[in-house]
Amino acid sequence: MPTPDRVAVAGIGETDYSRDSGRSELTLSLQAITAALDDAGIDPTEVDGLMTWAVDTSPEAAIAENLGVRDLKWFGQINQAGNVGAALVASASAAIRAGLAEVVVIYRGVNGRSGRRYGSGAVTSRRGQGPGAFTEPFGMLTPQHGLAMTAQRRMHETGTTSRQFGMVAVTERAHANRNPRATFYDRPLTIEDHQTSRFIVEPFRLYDCCLETDGGGALVLTSLERARSLRQPPVEVKAAAQFAYAADREYIDTAAKYLGPRLWAQAGMDPSDMDVAQIYDHFAPFVVFALEDYGFVDRGEGGPLVESGGIAWDGGLLPVNTSGGHLSEAYLQGMNQLLEGVRQARGTSTAQVPDVGASFVDTGIGTGAVIFGPDHR
Amino acid sequence: MTNDPTTSGDRSAPNNPSGSDDPGAPTIPSEMNILGDRLLPVPHPEHEPYWSALRAGELRIQRCTACDSLRHAPQPMCLKCRATDHEWALMSGRGEVYSYVVTHQPTNPAFRDKTPFATVLIQLEEGPRLVSNLIDVAPDHIEIGLPVEVVFHPVTDDITLPLFRRAVS
Numbered sequence: 001m002p003t004p005d006r007v008a009v010a011g012i013g014e015t016d017y018s019r020d021s022g023r024s025e026l027t028l029s030l031q032a033i034t035a036a037l038d039d040a041g042i043d044p045t046e047v048d049g050l051m052t053w054a055v056d057t058s059p060e061a062a063i064a065e066n067l068g069v070r071d072l073k074w075f076g077q078i079n080q081a082g083n084v085g086a087a088l089v090a091s092a093s094a095a096i097r098a099g100l101a102e103v104v105v106i107y108r109g110v111n112g113r114s115g116r117r118y119g120s121g122a123v124t125s126r127r128g129q130g131p132g133a134f135t136e137p138f139g140m141l142t143p144q145h146g147l148a149m150t151a152q153r154r155m156h157e158t159g160t161t162s163r164q165f166g167m168v169a170v171t172e173r174a175h176a177n178r179n180p181r182a183t184f185y186d187r188p189l190t191i192e193d194h195q196t197s198r199f200i201v202e203p204f205r206l207y208d209c210c211l212e213t214d215g216g217g218a219l220v221l222t223s224l225e226r227a228r229s230l231r232q233p234p235v236e237v238k239a240a241a242q243f244a245y246a247a248d249r250e251y252i253d254t255a256a257k258y259l260g261p262r263l264w265a266q267a268g269m270d271p272s273d274m275d276v277a278q279i280y281d282h283f284a285p286f287v288v289f290a291l292e293d294y295g296f297v298d299r300g301e302g303g304p305l306v307e308s309g310g311i312a313w314d315g316g317l318l319p320v321n322t323s324g325g326h327l328s329e330a331y332l333q334g335m336n337q338l339l340e341g342v343r344q345a346r347g348t349s350t351a352q353v354p355d356v357g358a359s360f361v362d363t364g365i366g367t368g369a370v371i372f373g374p375d376h377r
Numbered sequence: 378m379t380n381d382p383t384t385s386g387d388r389s390a391p392n393n394p395s396g397s398d399d400p401g402a403p404t405i406p407s408e409m410n411i412l413g414d415r416l417l418p419v420p421h422p423e424h425e426p427y428w429s430a431l432r433a434g435e436l437r438i439q440r441c442t443a444c445d446s447l448r449h450a451p452q453p454m455c456l457k458c459r460a461t462d463h464e465w466a467l468m469s470g471r472g473e474v475y476s477y478v479v480t481h482q483p484t485n486p487a488f489r490d491k492t493p494f495a496t497v498l499i500q501l502e503e504g505p506r507l508v509s510n511l512i513d514v515a516p517d518h519i520e521i522g523l524p525v526e527v528v529f530h531p532v533t534d535d536i537t538l539p540l541f542r543r544a545v546s
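Heads up: the protein sequence lines correspond to chains H and B, in order. Residue numbering for the first sequence follows this note's numbering, starting at 1 and increasing by one per position. Residue numbering for the second sequence follows this note's numbering, starting at 378 and increasing by one per position.
Derived from the structure by calculation, the hints contain no laboratory data. Here the structure is a predicted model, which means the values were calculated and not measured. Incorrect hints may have been included.
[Stated by the list, open to error] Label pairs and their computed distance ranges (CB to CB):
| # | chain 1 | residue 1 | chain 2 | residue 2 | range |
| --- | --- | --- | --- | --- | --- |
| 1 | H | 81 | B | 534 | 32 to 38 angstroms |
| 2 | H | 19 | B | 453 | 39 to 45 angstroms |
| 3 | B | 467 | H | 66 | 16 to 22 angstroms |
| 4 | B | 429 | H | 261 | 43 to 49 angstroms |
Where is the CB? At the ideal position from N, CA and C, for every residue including glycine.
For reference, chain H alone in the conformation it holds in the complex:
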């Protein structure tokens, strides 16, 4: 039997987002997965591939057992931290194209507020061991510290301002105010709110930082051909790639500088072809840096773009994080951005951009990215 050469997202699902789910992370994942399979119109027993973040606590065997999977042929986790969502899409797509599995579900369920909190170092600290011996004794304890260090130097070199970072948060909040699923659906945010909010790790203010969320999400991937016979219009994975390291990387460079050219070449597109973007906003400044390093704008021009309304869903040059993102919808570590990227390609976002042909999703400021698009036969 020939292996498929094109892969699509056939279903998406998610739970409610809260600060205290009262459910286990396994329960959250299963809720999201069954919702995604129902969205696709695929019976849970037909799932034959399961993938998740290495930091997820629900093993594929537990998921498979609950779903009643007949034959789990493909599974895997990708290491690092929250930043591997798109890499999972790339890996799952490769597995489907190679004929290793037909229906791969990517899932994430996390009690990020009521359980282990990323901001505490509970998940990411090295307890003063290994490379942590050279950083943690001085107060570099969480990913936020390293990212703030990079941001401070980059502000120094490019002239980007805290106010410009604030406009990322304000724009995303306006998007969340249209999205009933969003944590901050009913709370507006002004630039003054941002500029007077307390510092967490300077230069990051409170509203530069992502939420902590309890919730789950899932994507169902299968061949484009099979997806065409299912319940939803397919959303094709036009390109998907990951990046981890380059020897010539300068201190202020994000991974986007390296992933971008590879992704655009794979897709046969360039940044100007993207109609809408979801970008991993663990911290608002990195949305600005990603816009620059992917090549949407030149270095130093991301701040002015954001300040002039360039990432707003209604009329911006490149609408960004149209569901509210990690700052105002939920922090599901790129999962909620993958879901929103699919919605934009389907035409079902609460901040829908007209006529989306290419829906860009970054899930780690260059550690992984996907281009979704509607199925144009």
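Place chain B on chain H using the hints.
This is chain B only, laid out in the frame that chain H set:
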């Protein structure tokens, strides 16, 4: 169990401060090795020359004996030429602030009573960059480019940390 870092001075029994009495506080990572106001490093035997130099009042950084490249934090291979042979080269201890952050919200009991405090990234004049703290510059007076020099801060018999102060000369 206590969360008071000042009472956890027995380093043979690493503090496990997971039982926060503040319901709003983030969960504290367990198994942190905390002494007084410091979260202690757990040195790896491969890096012992780095730590023994600090105890002797010297800042030494790994240098490839094949191509003379310096590297920090220590690595098994030279990042330029992949050679594994190396020596521990004496640094001048002088450098400048390359970047910095100021922690306002503590996430660990070792730092709970110290906020706001700054963590700095020092660019040594020989090239490598080192994470540290400044002992004599308030967080709101730190600037990128500030000239600094190393001072040695003994924390235990085994551990001396390299900290920095405003350069005198």
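Hints and how they fare:
1. A hinted range of 32 to 38 angstroms for the beta carbons of residue 81 (chain H) and residue 534 (chain B) is consistent with their spacing of about 35 angstroms.
2. Look at residue 19 (chain H) against residue 453 (chain B): about 43 angstroms separates their beta carbons, and that is inside 39 to 45 angstroms.
3. The hint said 16 to 22 angstroms for the Cβ distance between residue 467 (chain B) and residue 66 (chain H), and at roughly 60 angstroms that hint is violated.
4. Checked against the hint of 43 to 49 angstroms, the pair residue 429 (chain B) and residue 261 (chain H) passes, with Cβ atoms roughly 45 angstroms apart.
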